[in-house]
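Visitor: Okay, here's what each chain looks like letter by letter:
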Amino acid sequence: MRMRTAGIVALLALSAIRPVPAQENSPPDLTGTWRWVNHEDERDRNPGAFPGDYRGLPLNDAARMRADTYDEEINSTSSLLQCRPRTPGYQPKGLDPMRIDKVADPLTRQLVAYRISYEKTPGERVIWVDGRPSPSAYALHSWDGFSTGKFRGDTLEITTTHLKESYVRRNGVATSFRATVIEQMSLEEPYLEVTFTVIDPDYLTEPLVRSATYMRAPTLQLPPYPCQPEDNQLGEKYRVPHYLPGENPYLTESGFKYKTPQEGVRGGAPTLYPEWRTRAATLAPPASQTTIKPTYTDDSTRIAERADAQRPRPPTYDKVESVHIAGNVYLIAGAGANIVVSDGGDGVVMVDSGAGPATEKVLAAVRDVHRMLRPPDPPETSLPFGNTYLATHAPDDPAIRLIINTSGNADHVGGNANIRKSPLFRLLGYRDPSLSLQVLAHANVQSRMVDAKAPDTLVPTDTYLSDKYTLYRFFNNQALQLFHMPKAVTDGDSVVWFRHSDVIAAGDVYNSDVYPPIDVDKGGSIDGEIDALNKLIEMSVTEFMAQGGTLIVPGRGWISDAADVGYYRDMLMVIRDRIKAMADKGMTLAQVKAAKPTMDFDPEYGREPGVTSRFVEAVYRSLKEKK
Amino acid sequence: MKIPCFALACILAVILIAPISAHHSFGGTYDVSRTITITGKMVQVTLRAPHSFLYVEVQDPDGTTKQWVIEGATAAQFARQGIDKDAFKIGDAVEVVGNPSRSPNSTHARLIKITRTSDGKSWGSKVGETVN
Chain A
1 MRMRTAGIVA LLALSAIRPV PAQENSPPDL TGTWRWVNHE DERDRNPGAF PGDYRGLPLN
61 DAARMRADTY DEEINSTSSL LQCRPRTPGY QPKGLDPMRI DKVADPLTRQ LVAYRISYEK
121 TPGERVIWVD GRPSPSAYAL HSWDGFSTGK FRGDTLEITT THLKESYVRR NGVATSFRAT
181 VIEQMSLEEP YLEVTFTVID PDYLTEPLVR SATYMRAPTL QLPPYPCQPE DNQLGEKYRV
241 PHYLPGENPY LTESGFKYKT PQEGVRGGAP TLYPEWRTRA ATLAPPASQT TIKPTYTDDS
301 TRIAERADAQ RPRPPTYDKV ESVHIAGNVY LIAGAGANIV VSDGGDGVVM VDSGAGPATE
361 KVLAAVRDVH RMLRPPDPPE TSLPFGNTYL ATHAPDDPAI RLIINTSGNA DHVGGNANIR
421 KSPLFRLLGY RDPSLSLQVL AHANVQSRMV DAKAPDTLVP TDTYLSDKYT LYRFFNNQAL
481 QLFHMPKAVT DGDSVVWFRH SDVIAAGDVY NSDVYPPIDV DKGGSIDGEI DALNKLIEMS
541 VTEFMAQGGT LIVPGRGWIS DAADVGYYRD MLMVIRDRIK AMADKGMTLA QVKAAKPTMD
601 FDPEYGREPG VTSRFVEAVY RSLKEKK
Chain B
1 MKIPCFALAC ILAVILIAPI SAHHSFGGTY DVSRTITITG KMVQVTLRAP HSFLYVEVQD
61 PDGTTKQWVI EGATAAQFAR QGIDKDAFKI GDAVEVVGNP SRSPNSTHAR LIKITRTSDG
121 KSWGSKVGET VN
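Read top to bottom, the protein sequences are chains A and B. Residue numbers for the first sequence follow this note's numbering, so the first one is 1 and each next one is one higher. Residue numbers for the second sequence follow this note's numbering, so the first one is 1 and each next one is one higher.
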């Protein structure tokens, strides 16, 4: 009996000290501080990739041309690139240590995300593991992108979209803003193996798969990283260092130095496979470093032609979206040109009205915006006369008080007539509506539309003629300013700055994924366009390391920031220089078009019918007619 | 004490592969196979991450001046080499040895060695390098 009691006591004691089982399917613990192990692709880091070295990259000819004409000095001269962080498509090839933390829901205590801090990356990258959907296609692209994670066995697989344009090698081999990056993180204590794959429909013909190793470094403290951009071109006009096609003298340097056949140095998918070694054995490396004139012939060189061959389809406007931008400012997208609205107690101000046939959907989107929950503005000492109550307690039905047109293009002004007829259009001010502000634009927009005999109901009713126009009072607790951008896309372009929310509606002056529709016959020019983009960049501030801060809404595409506009400006400057060099040699427009001076940028900006041809013609004409 | 050759080789290898905290590619930006010498006066010192910039005004024989941008290590690495805010005063005469930019007509260079002319004190660009 005594033995039985002792046995029961012993069993009870054992059960009491039995460890609490970990949660079923508990994933491996990736948290902690990790140091990058520098044992792969060492020459990529030190001294760094040489120009023209594309070994191991499945790039296409558009990517090759872009890299062949790239000058790495731009990373010193552009204040927007000096502090550019790495995107996940290159980050594991950097040398940054990183720290991984878990984020748990305080209520359910379930893991909702991982946060990753890299030494040279702003803020903290968030990997959502709670199954949330991807943000709108019109959402801001960032250096970190939008990442979701899922465990497959013991491996964390991360998928990242919404990335800014970046690079896969530090010699100008670009990754597009359309790229997706898949990372697989596997723990083999004390190592963390990271396999990362870049899938880029614009610049790679196959997924680029690479790997990197990190090692636990529990005592490592990530240092602060105060990257202060410098203006390296004091007193000089901003320039973009680059080579004209066929003029880069360094493209054979790598093959010559490392005794590698030039065909291999030029990269491409076939050179990645073992079979290529047989062919490589038959090829000799360059005997000296010489300037070569590469030719580009693959599918990626015919993007614009293929776009032109598409049968034009009438727009359906079947997916009109409302997206919050900042403060009380929202984007309505998918109804022609992007529409930016501010909504609050003072009513709604709309920048552009979209395409005419889309008005009903636009008005529905305005109502959606009006119903969106938005935290009240904090008390502002800088707004002593602002009425917080009015600004945050909007009437049940939105009241559209004013439309601003950034240009006279049809998909910017097309909704003017229908919206003015709508019961939502309730003007501020006088009993006689003809005395109130209704549709405001630069005077040149009005005069060109009148000259073109546009219907009266589409033509802006109110105009300004100066360089800058400030609305007579704050609207929804913020100033609205219009800036005239002379000779950009046309001679009547305006950008509209919502000062408190720090949002700029850029109109057609900036499009995130299509060349600007410069119309020389309406006073547009490539130099004026570049000046306008420089002005936009000057007006903007970034939050940290060329990211965020002032948000710039393009005429077409997704919400952007100064870094995106900087890329766009640099692209235009490179193309302007190429076409100018051709025009200076006496080449005709037909010859310039046949030479495809935009070929390396067409995958990103030339996918719409007719866009590339019209753009090249506009650049050529504006340079020729300037003389 | 005799250090075995293998151990010495390992130590050397570790030193040589110690990563330079480079953000962009020095090898891609500068022609590391060539060196140039620039003589002028310091007009701005910016110690920062990921690379620091020293601005040197150089007078050409025709009397015109050009501003050279000398790019070097991160502020923390410079500090380990003794280059801090007190190393140079604006107006100090300096001589810079560097790798020139690959970019045509550029006035950018990568720092290899800088000498303060007034007292001959020099700093090198490699971590722990004692030049003078």
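Just to be clear, a hint being listed does not mean it is correct.
What the hints assert, rightly or not - Taking lysine-lysine pairs in the DSBU-like style, the calculated list, with each CA pair at most 35 Å apart, reads: (1) A:Lys150 x A:Lys319; (2) B:Lys66 x A:Lys535; (3) A:Lys585 x B:Lys89; (4) A:Lys593 x B:Lys66.
These aren't lab readings, by the way, just hints derived from the structure by calculation.
Visitor: Each hint: holds or not?
Guide: Going down the list of hints, with the structure as the test:
1. A:Lys150 x A:Lys319: holds, 29 Å
2. B:Lys66 x A:Lys535: Answer holds: B:Lys66 to A:Lys535 is near 27 Å, not above 35 Å.
3. A:Lys585 x B:Lys89: violated, 49 Å
4. A:Lys593 x B:Lys66: Measuring from Cα to Cα gives roughly 39 Å; hence the hint is violated.
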